[in-house]
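Q: Those sequence lines, one after another, are chains A and B. Residue 162 in the working numbering sits at position 162 of the first sequence, and the numbers go up by one each step. Residue 175 in the working numbering sits at position 175 of the second sequence, and the numbers go up by one each step.
Any given hint could be a false lead.
[What the hints assert, rightly or not] Computed, partial: chain A to chain B, Cβ under 7 Å:
hint: 1; residue: 78
hint: 2; residue: 84
hint: 3; residue: 116
hint: 4; residue: 158
hint: 5; residue: 162
hint: 6; residue: 167
hint: 7; residue: 196
hint: 8; residue: 200
hint: 9; residue: 214
FYI, nobody ran anything at the bench for these hints, they're computed from the structure. As the structure is a prediction and not an experimental result, all values here were calculated from the model. Note that the Cβ used here is the ideal one computed from N, Cα and C, for glycine as well.
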Amino acid sequence: MALPLSPINRALIVILMAAWGTRCAPSTTAGTPPTTTGAIIVNKGSDTMVNLALAWAEAYQEQRPDVQISVTGGGSGTGIAALINGTVDIANASRQMKADEIAEAEANGVRPVEFVVARDAIAIVVNPANPVSQLTIDRLSDIYSGLINNWAELGGEDRPIVRLSRETNSGTHVYFLEQVLRKGESADKTLFAPETLLLPSSEGISAEIRQNPNAIGYDGLGYVTEGMKVVAVGRIEGGPFVLPSAETVDSLAYPIARDLYMYTAGEPQGEVKAYLSWILGRRAQEIVSELGFVPALP
Amino acid sequence: MKTGTWSEFILTRLIKIAGYSAVLFVILIFVFLLREGGPGVLEVPLTTLFSARWYPIEGFYGLLPLIGGTLLVTAGAALVAVPLGVATAVYIAEIAPRWAREVLKPLVEVLGGLPSVLLGFLGILIFAPLVRSVLDLPTGLTAFTGAVLLGAISIPTVVSVAEDALDSVPRTYRDAALALGATEWQTIWRVTVPAARSGILTGIMLGIGRAIGETMTVMMVTGNAPVLPKGLAALFHPTRTMTATIAAEMGEVANGSTHYHVLFLIGAVLFLISLAVNLAAAAVVFRQRKRAERILS
């Protein structure tokens, strides 16, 4: 798996500049609409997707040097807020927009249009020294809601459990709350235990996992690096317990997988439309697999 | 002659405007905070605001854990920065030989110029693991870790201001004390430090002000768990400060939403806390000056 760029990079606005010298070269791709020179696409949101969005932007600009794509992270909530406030062309989100966000957007005169651009597994990670290697969704829910506080209750050593989570503006946080803590039941009002550490970046989570044998965390599969142990997850007690991978996400065997989205304000037009149809094409979906995500199309 | 008085007239006016503009800006900022944060008080019931649960995406807007977190980390930082900072200032101003003073003072000021994100980075990679293994805690991302790093950030401010104050105590005070047979320590503790008290207090307050407002470092090393601190043991558990909350969540909120208003309300509370710290410092300094004037006259 490719080692992802450090998410600290999300703080930097990465603007990939088109090479001016090749501006006049005719587009070689068939079917692309006529070039408008100096088109800028502003793309912002999910930290899970920031490396993927960057890789797409780079590859796309090799083909279309006249289009500039600026990619920023900040979290799915941040991207969606920017879409509602009208400051981005495309918002990246690792969760679907909520009903109240759509209502807010419509009150602002923005009609969000959704595209599923890739799929992702959420990996449960612990320190390599932790003997626990498989957990069910129910146990994960008990851990994060504060019912289980010691690894001994799960067949591990007698150590307190330190729960790590992304901040509340992260789509991964919201997905984990809905699909793991509440097991997908909308009537369930379980919350994260207040003691849960809310870390502002994926890097914060991996740094703590690598050095703390008490810790448990979750993050997109693309962010699992060396020094972290991935826990197999089962739907019911007794298994089967499945490790996350492109195959197990595709075959729906791994239970905590989700779609990754891009949102535009209204039906995409012009360059944005061309970019999105390229993303759903074969080359862009190959990049998805290269980065450890799962392609949206089979 | 005439041009001279004219330029003087203009200059005094300009200086006057500059002086009042600081007050004006503070008032404008506070008015803005109240305008954006005020609706939060109306939209969220007071019982919710004074509850112990902060989970804004589900409508839990309890401010107490955040206020508690800020007070806890700041108090911890003051416990680190005040003794160390004042002692360093005394050493530099009173005891150190000339060459040591010339090396130490600029070095301390360089420490003050370190970007706080850098300290946070060191904290998360080196200091937090150390705190966990040495103190045998569940995790090293605690209020204590944040307090020590914030203390380190505030020390240069305390040292710099306190050292200037000690330096400006007239030479004759020390000479008189030594001539009366006082030891060097008695001179420092009974004469020089009390004479420089108002400057030292100003340094301490500026240092605490720096600690209250610091954001990046605390966001990186305190774990950001919104738990209401109960007692001193809370120092060794994760906590969440007001500044980290604003920084982490401001980007996600839609303009004009309840969450947005509550974040500005937190900003207003933070403003009032630092105003209270400054007013307390001013009051103490003012009272001390009157006492000092009485003794010396």
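Q: Work down the list of hints and note, for each, if the structure agrees.
A: Results for each hint:
For residue 78 of chain A, the suggested interface contact is upheld, since its CB lies about 4 Å from the closest CB of chain B, less than 7 Å. Of the supplied interface hints, the one on residue 84 of chain A holds, with its beta-carbon coming within about 5 Å of a beta-carbon of chain B, less than 7 Å. Here the hint on residue 116 of chain A is broken, as its CB sits about 22 Å from the closest CB of chain B, past 7 Å. At a threshold of 7 Å, the smallest CB-CB gap from residue 158 of chain A to chain B is about 12 Å, leaving the interface hint violated.
Because the closest C-beta pair between residue 162 of chain A and chain B is about 4 Å apart, less than 7 Å, the hint holds. At a threshold of 7 Å, the smallest CB-CB gap from residue 167 of chain A to chain B is about 5 Å, leaving the interface hint in force. Nearest Cβ of chain B to the Cβ of residue 196 of chain A: about 6 Å, under the 7 Å cut. The hint holds. Hint status for residue 200 of chain A: holds, given a least beta-carbon distance of 6 Å to chain B, under 7 Å.
Hint status for residue 214 of chain A: holds, given a least beta-carbon distance of 5 Å to chain B, under 7 Å.
Checked against the numbered hints given earlier, this structure breaks hints 3, 4; the rest are met.
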